[in-house]
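Below, each chain spelled out in residue letters.
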Amino acid sequence: MTRVALPSPAFPPRAPEGAGNLRGSESFPDAAHHELANSQLRRNISNATHTIREKRLQVTGELPDWEQLRDSGSAIKTDVMNRLPELLEQFEAAVTARGGVVHWAQDAVEANEIVAGLVRETGSEEVIKVKSMATQEIGLNEHLESEGIRAYETDLAELIVQLGHDTPSHILVPAIHRNRSEIREIFLNEMADVDPHLDDDPASLAAAARRFLRHKFMTTPVAISGTNFGIAETGTLGVVESEGNGRMCLTMPQTLITVMGIEKIIPTYADLEVFLQLLPRSSTGERMNPYTSMWTGVTPEDGPQSFHLVLLDNGRTAALADKIGREALNCIRCSACLNVCPVYERTGGHAYGSTYPGPIGAVLTPQLAGMHGSHDPNSSLPFASSLCGACFDACPVKIDIPSLLVELRHQKVEQAAFGSEAAAMRAASIAMSSSGKFTVAQKAAGLGRLIAGKKGKISALPPPLSGWTDARDIPKPPKQTFRQWWGSAEGQREIADARRQAHE
Amino acid sequence: MRIALFATCIGDTMFPNAVKSTALLLTRLGHEVVFPPGQTCCGQMHVNTGYQPDALPLVENYVESFGDESIDAVVVPSGSCVGSVRHQHEVVASRYGTPRLCGQVETLKAKTYELSELLVDVLGVTDVGAYYPHRVTYHPTCHSLRMLRVGEKPLQLLRAVRDIDLVELPEADSCCGFGGTFALKNAETSTAMLADKIRNISGTSAEYCCASDSSCLMHIGGGMTRLQMGTQTVHLAEILASVEDHAGATA
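Residue numbers (the working numbering), protein chains in the order written: chain A, -18 to 485; chain B, 331 to 581.
Take these hints with a grain of salt, some might be off.
To be verified - Only part of the chain A face toward chain B is listed, based on derived beta-carbon distances under 7 Å:
no., residue
1, PHE198
2, PRO323
3, SER367
4, CYS369
5, SER410
6, SER416
7, ALA426
8, LYS438
9, THR462
10, TRP467
11, GLU471
12, ALA479
No wet-lab data here; the hints were simulated from the structure.
For each residue, glycine too, the CB sits at the ideal point set by N, CA and C.
The whole structure should be built from the sequences, with the hints applied where relevant.
Right, dumping it as structure tokens:
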């Protein structure tokens, strides 16, 4: 009898390796090492995050029902995740009924091929783009480039990143790591027909970008967008933005292609009321964003006459099948967690190696793309947090990011426990399982007194503890542990004295 | 009240003064302080590093050590260990333990308090009669601040201390960068966070940086001694237990 060995089906599939931007080339600590050394980046990011932080606190503080809004947002998204298939079917039917064409993409590879095919059908070799995380995630621009199609980002910050041959460092403010003199340099080097006397005044820089983009808006027949929300009830899509460039893309071209992660759905039009309060306040610290654009299918002789919607999975079904992943999918990409995160503040977004940086990225990225063994850079992401909890407080839909990170760490260890660390943890567990064993271990810790010597502190230890002593001392362990003092005559005398004082 | 003292593994081994101070303070306030000798560690390090099954024996040991029904409250001079007892023990117990353990965890969760919570919420004291003639700045550790929501309680207690010069710490609610094994796994990022914390402490010209968590103080203090800064760390309990002796010095 022939034995047939079939590969076990990995269902639901994670986002594929080698396509898109959900996996960096280095572990978080290695990537952070480079970023931490960049003092300009540290300063730019610190200034920007502190400014947005203050603004957010101000505008959320002025709403008396902010906490209830957060609860509503969380409840709506939880409901969406619990009945996602049903809502997606309803959504597809509504989009189709209004003249849109719906495509389903299992992953980044499929989505890129679908979009490239649609652009080719139009005959255009150029597309203009609305700022979109989904297309960043799948690496659409790079794919289009390989097909001979040039994609132009129209969001000012995305344009800066694109012209700078760089990758975004933030979900909302992709060029957060750049300052205006760096931007001037990029424009001078990369923008055709730019005034060689361009100064670094923000208004001058914006004017240069406007001249560059206006021409694109007027001449490019195809636009590609993502979406902030897709409304199941009506088939409506919506984008919130600050500059209005998105609206130009959504109205001027003949063909509009939208790539939407399947978790972006909300059930009804009325639900927008909650999210249009939560999102701008959390992301830019504004009461309302300047432009909110919504479109439903096609309208004859008004706006794009051909509308395609690509519904992207790319690991979302896999995330949905997992308790942690399901909660992480509630994310509305406001980036409030990035702006309050002390780790993000020091390392910036590039250290995470993913389109989704910061605390939510550390949860979402390994969920979408998986953690394949201890050498996978994504395996280091759940540990890229001090678990300080600022992200949970800031999240407009109350995603308990620290708890999710702790659970992901658990999953990581279950999949691939680290050799010496696992042994040390096991040893510590045994040593602390009873006071008898613990007392023996404390005696060993007392040896630290020998290492400390007369200096009274320990300043050098072997790896992995050298990570600590590279920058920090450890105090000399005390002569007596607490329990030794408690059990001593001196300890009992002091307690007796304290008892007398209580009765005085 | 009959109050059981949970020294915590790091408090017992490395920072006995903070634990001693807690014991003496509560005794002076007229309470019976007991030290269940079977206690060791809350298991936070195991859970936070991903080794949940290894935390089970520690959770079991905690409930065995403090399960005595005559105990009215358990006091812990550490916000993060209380966070672990409140938020992590039930995860570990429900996943790897027995239904009986889950019940014991629930019972103990309800009567385990961080020191400032016990003093202000349970015992109703804000002025413990302490005397501390020093310039002090207070760092609210992340777990006290966000997991326990102790809020103003430690500051209420500090403000009542006689002769203290309490100065506000800029960016107080930013993490110091400790984060348990984070300080080892991401040592450079942790150090960058510590550098900013120390800069803010230095700006206050305080003689002492105070907090309610020895582990965070070990991190901050470890950075400050390396820099020969001359600012020391002190646990909240040590300040609150400090009184004027007959010679006029603090004891």
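Status of each hint after checking the structure:
no.	hint	verdict
1	PHE198	violated, 42 Å
2	PRO323	holds, 5 Å
3	SER367	holds, 3 Å
4	CYS369	holds, 4 Å
5	SER410	holds, 4 Å
6	SER416	holds, 5 Å
7	ALA426	holds, 5 Å
8	LYS438	holds, 6 Å
9	THR462	holds, 5 Å
10	TRP467	holds, 5 Å
11	GLU471	violated, 10 Å
12	ALA479	holds, 4 Å
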